[in-house]
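K.L.:
This is what each chain is made of:
There are 2 protein chains.
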Amino acid sequence: MLEKKMKSDIEIAQETEMEPISQIAQKVGLTFEEIELYGKYKAKIPFEVINRIKNRSNGKLILVTAINPTPAGEGKSTVTVGLADAFNQIGTKTMVALREPSLGPVMGMKGGAAGGGYAQILPMEDINLHFTGDIHAITTANNAISAFLDNSLQQGNPLNIDPRRIIWKRVLDLNDRALRHITIGLGGPVNGVPREDGFDITVASEIMAVLCLATSIDDLKARISRIVIASTYDRKPVTVDDLGVSGAIAMLLKDALKPNLVQTIEGTPALVHGGPFANIAHGCNSVLATQTALKLSDLVITEAGFGADLGGEKFLDIKTRQLGSTPDAIVLVATVRALKMHGGVNKNNLKEENVEALKIGFSNLKRHLENMQSYGLPVVVAINQFASDTAAEINELMRLTEALHVPISLCQVFEKGGRGGIDLAQKLLPLLQEKTEFSYLYDLNESVEEKINKLVTNIYGGSKVSFSAKAKRQMREIEENHWNNLPICMAKTQYSFSDNPNLMGAPEGFEITVRELIPKIGAGFIVALLGDIMTMPGLPKAPAALKMDVTNEGKISGLF
Amino acid sequence: MLEKKMKSDIEIAQETEMEPISQIAQKVGLTFEEIELYGKYKAKIPFEVINRIKNRSNGKLILVTAINPTPAGEGKSTVTVGLADAFNQIGTKTMVALREPSLGPVMGMKGGAAGGGYAQILPMEDINLHFTGDIHAITTANNAISAFLDNSLQQGNPLNIDPRRIIWKRVLDLNDRALRHITIGLGGPVNGVPREDGFDITVASEIMAVLCLATSIDDLKARISRIVIASTYDRKPVTVDDLGVSGAIAMLLKDALKPNLVQTIEGTPALVHGGPFANIAHGCNSVLATQTALKLSDLVITEAGFGADLGGEKFLDIKTRQLGSTPDAIVLVATVRALKMHGGVNKNNLKEENVEALKIGFSNLKRHLENMQSYGLPVVVAINQFASDTAAEINELMRLTEALHVPISLCQVFEKGGRGGIDLAQKLLPLLQEKTEFSYLYDLNESVEEKINKLVTNIYGGSKVSFSAKAKRQMREIEENHWNNLPICMAKTQYSFSDNPNLMGAPEGFEITVRELIPKIGAGFIVALLGDIMTMPGLPKAPAALKMDVTNEGKISGLF
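As they're listed, the protein sequences go chains A and B. In terms of my numbering, the first sequence has 171 at position 171, counting the first letter as 1, and numbering is strictly consecutive. In terms of my numbering, the second sequence has 317 at position 317, counting the first letter as 1, and numbering is strictly consecutive.
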């Protein structure tokens with residue numbers, strides 16, 4: 001990410017002449033008749049196509065993950081997009097599979113989340129705003145469940161729901177802290193049953209996780225029906241199916257389940273679909289999109305949210321079990337500035353050269369590297385270059401990585417597009433020919449406690465796990481309900497291997513406390529809460545929206 | 001609406017082979033390149049097209065309105081669609097301009113709202129569910145304003161907003177009574193400023209009214225900037241512009257502002273766009289859609305919500321002022337069953353023949369007729385036929401209407417499609433050649449009180465208007481802020497000319513109390529509340545959603 005007088009992301013995006021989406025579809029063998037257009041530059045892939053191609057052999061799969069990031073992020077999406085463009089430049093038919101951005105952070109802090117510089121997906125304005133309506137459909141489906149639930153309370157409570165034990169929350173795709181803790185049903189008997197409630201951001205909804213893990217409409221409906229929304233007064237789980245609306249909710253999501261086809265700046269076909277949080281959920285784009293991309297191209301580049309300890313681990317231990325295939329190689333994105341931060345440098349001094357801090361902070365990269373290798377997969381390190389990186393820092397980082405016999409590449413896709421990722425692609429190419437022997441971190445039939453222990457000791461480097469009284473009680477309930485054999489979705493800070501965001505580098509010997517265990521039976525995982533996890537962000541004093549505008553001709557500015 | 005063993009609406013819809021939307025566009029002279037496809041059977045009309053055709057002369061315009069309805073509605077949409085099909089059958093190039101349905105009532109009571117029988121707009125599943133995302137965009141824009149407002153309170157309240165005097169509410173496009181009265185911002189200082197709030201259904205949002213009255217993106221943005229959301233502690237109005245987000249909110253609505261093109265069962269081009277409530281708002285589809293249809297075809301059939309006293313009056317006194325043109329004729333839809341109800345028959349006995357009750361209830365039709373004629377427009381009565389209507393009843397209704405020298409037609413479009421509306425079309429055709437002399441009910445520069453007096457005495461038949469203390473205070477505020485010269489949007493029951501839903505027929509001598517006057521400065525009207533107006537419906541004991549489902553192939557059932 002060289003910062004010398006470059007154009008803004010939206011300027012670069014708006015200067016790009018996009019290919020009609022039907023032409024992008026042709027590149028992956030789909031005819032105009034087969035896709036569902038949403039304007040000229042977006043399309044959905046219908047189930048007829050997904051069924052037609054389902055018996056094809058799969059292309060290769062590369063997972064892009066990262067070290068523990070700085071608050072600004074380390075440019076995983078940018079590397080993912082640029083790498084796919086690079087592979088297409090060197091003759092490998094490649095697609096991208098990415099998450100779709102949430103509007104809340106776009107209007108709040110980020111301004112946009114579709115890659116950056118010359119490694120973006122387009123049309124960036126649409127993708128960052130309403131796109132094809134998937135997230136709005138999820139919001140509606142989520143809140144319809146809430147409305148049916150509160151209506152059931154109102155209509156005599158035939159399901160014997162304990163209003164104090166409703167775990168299903170409402171959602172909006174906005175940053176709106178004032179909705180975190182609310183009371184509803186006020187105003188007397190005709191206006192509902194009073195109770196506490198709260199709104200999460202839509203991408204934290206279990207519906208989002210369900211949509212991203214479902215392999216068909218039938219599977220989607222089955223998952224929806226299993227979602228646990230509350231307990232009865234005698235502590236039995238109440239599900240969406242108990243409300244009798246699984247079919248209606250699946251109906252609301254039938255179009256949202258279809259993967260979205262768009263393109264990169266260089267015309268690489270991209271499936272951008274689903275965007276669950278990587279803390280409270282598993283943080284990867286949809287299984288259907290990745291599966292579809294694997295059928296349509298020789299190589300798929302995909303990413304997982306946050307660092308390799310969160311999104312990366314969950315991709316491997318949660319998503320691959322639904323995907324039916326595993327990555328052939330992993331790209332671990334690192335930045336000089338993040339490594340210096342892990343070496344003790346203050347956030348405000350990250351632009352100053354500091355080779356010593358980099359050496360110390362390298363421990364963070366090293367542990368992520370070893371973790372990813374422990375799944376039996378080859379790893380390549382990608383340095384996402386920034387203007388402030390010095391030659392001495394980059395050389396030291398290369399030396400340290402090569403001493404571990406791990407390939408490393410200087411990645412300049414932000415500034416150069418695919419051309420800036422050709423070296424990375426060439427380092428990956430031979431690895432894709434090798435046979436991998438993938439192994440999961442844990443077996444599903446291990447106990448919840450054993451799985452969490454393995455995560456904390458083998459991946460995070462902690463020494464001990466303890467469980468709060470609440471978590472212990474929840475563990476018993478999980479056993480009673482026979483939910484033990486689900487994978488674990490760890491909800492912890494993205495800034496550290498530990499549950500303390502200030503513990504940089506590769507901390508050891510720390511203890512982890514599991515505060516809560518939340519069964520997400522529709523998604524099919526147990527969330528282990530290791531701290532206060534923000535599921536509804538707030539807006540900053542000066543939200544990004546203040547700079548946004550649209551002309552009378554419909555041209556947008558202020559998304560950056 | 002003959003009820004003998006007919007197929008359900010969704011069965012008829014799903015059996016219809018639709019034309020590709022590009023073919024429908026060709027019928028009105030638009031090329032494939034000019035429209036923005038949303039799947040194969042929906043498209044948006046971009047601003048380039050709207051600008052290209054704006055200097056064309058207008059087609060003729062027919063407004064379909066109705067007598068005071070029964071709770072089930074009298075089939076205005078069905079007549080509107082069938083009449084357009086009929087005109088196309090007899091060689092008049094005709095388009096339909098309709099509102100888009102709200103998802104809340106679809107999931108709750110109605111099951112679907114896109115016409116009925118053989119007079120429907122298609123694809124009915126899409127139109128009834130997420131359609132092209134317009135209503136979701138409105139939900140998001142509305143709630144973004146709330147989030148920015150609460151963020152302003154949280155960040156030191158620089159606008160000096162009085163949290164007790166915030167009138168801007170959040171919205172969802174669902175029936176969800178538990179959200180009518182809520183408290184937000186609970187949970188301590190990092191979670192917002194505690195205050196009372198509530199959710200309306202999205203179609204009751206001022207943003208919906210704004211979108212439906214805006215004539216361009218610039219006009220949309222200007223209207224948004226003027227929306228009053230709160231008062232300061234010293235009782236000054238606070239607007240969206242004060243929050244600094246008018247541009248961002250307009251940006252969120254730029255695609256929603258483009259009219260949606262679909263088709264009727266008989267392939268008539270239909271613009272289905274915008275759907276404001278007809279009580280708290282003006283109840284008509286968007287000005288841009290109606291204007292566009294008038295440029296694209298020789299004749300446009302459009303409808304207004306509820307009866308002629310609500311939607312009809314507002315179409316004429318509010319929408320036409322933005323539209324820049326007025327109807328050439330009015331169709332007043334009546335049903336035998338509703339007239340019998342106005343004649344005193346209980347809702348449960350409406351299927352029994354009762355000519356005497358019909359004669360009495362005819363007073364309701366007669367007053368609506370005279371009201372519509374008072375605008376200087378020719379009116380034709382359309383009997384929307386039901387299976388339970390007897391020949392004696394229909395003959396009596398025809399006799400009574402013809403005695404007033406008003407054309408009347410028996411309309412069978414539900415059962416027969418356009419063929420069932422040819423007689424109605426032929427009765428309208430000569431009227432369209434006549435010159436009309438349209439006159440508004442009131443001038444904009446009359447006082448708020450004078451305008452409301454004219455509405456109550458001239459349209460409703462009441463004798464006196466009184467204002468609550470609150471309304472009197474609000475009237476003074478309206479004067480102080482120079483908002484007097486806006487039209488009035490009456491919010492009252494749709495079941496009676498009066499503010500009492502049980503006062504059937506053509507009541508006289510009643511008094512009306514205006515409880516509140518709510519300035520909707522973005523929409524550009526003053527809402528006069530005549531009673532408790534439901535702006536967030538509830539769900540019934542057995543919501544329509546219980547019967548809805550979707551197959552693994554994506555086929556929907558249970559929308560009826």
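Honestly, the hints are just simulated from the structure, not real lab data. A few of these clues could be false.
Quick list of in silico lysine-lysine cross-link-like pairs, DSS-like style, CA-CA up to 27 Å [said to hold, decoys possible]: (1) K236/B <-> K40/A; (2) K416/A <-> K427/A; (3) K555/A <-> K40/B; (4) K40/A <-> K27/B; (5) K541/A <-> K427/B; (6) K40/B <-> K27/A; (7) K7/B <-> K54/B; (8) K54/A <-> K7/A; (9) K40/A <-> K7/A; (10) K547/B <-> K40/A; (11) K54/B <-> K236/A; (12) K555/A <-> K416/A; (13) K454/A <-> K464/A.
Which bits of chain A does chain B cover? Going by a derived footprint, with three or more residues having C-beta under 8 Å, they are [unchecked claim]: (14) 8 to 20; (15) 144 to 158; (16) 215 to 229; (17) 547 to 556.
C-beta: ideal position from N, C-alpha, C; glycine also.
K.L.:
Could you tell me which of the numbered hints above are not met by this structure, giving the numbers in increasing order?
P.N.:
Failing hints, ascending: 1, 5, 7, 8, 10, 11 and 14.
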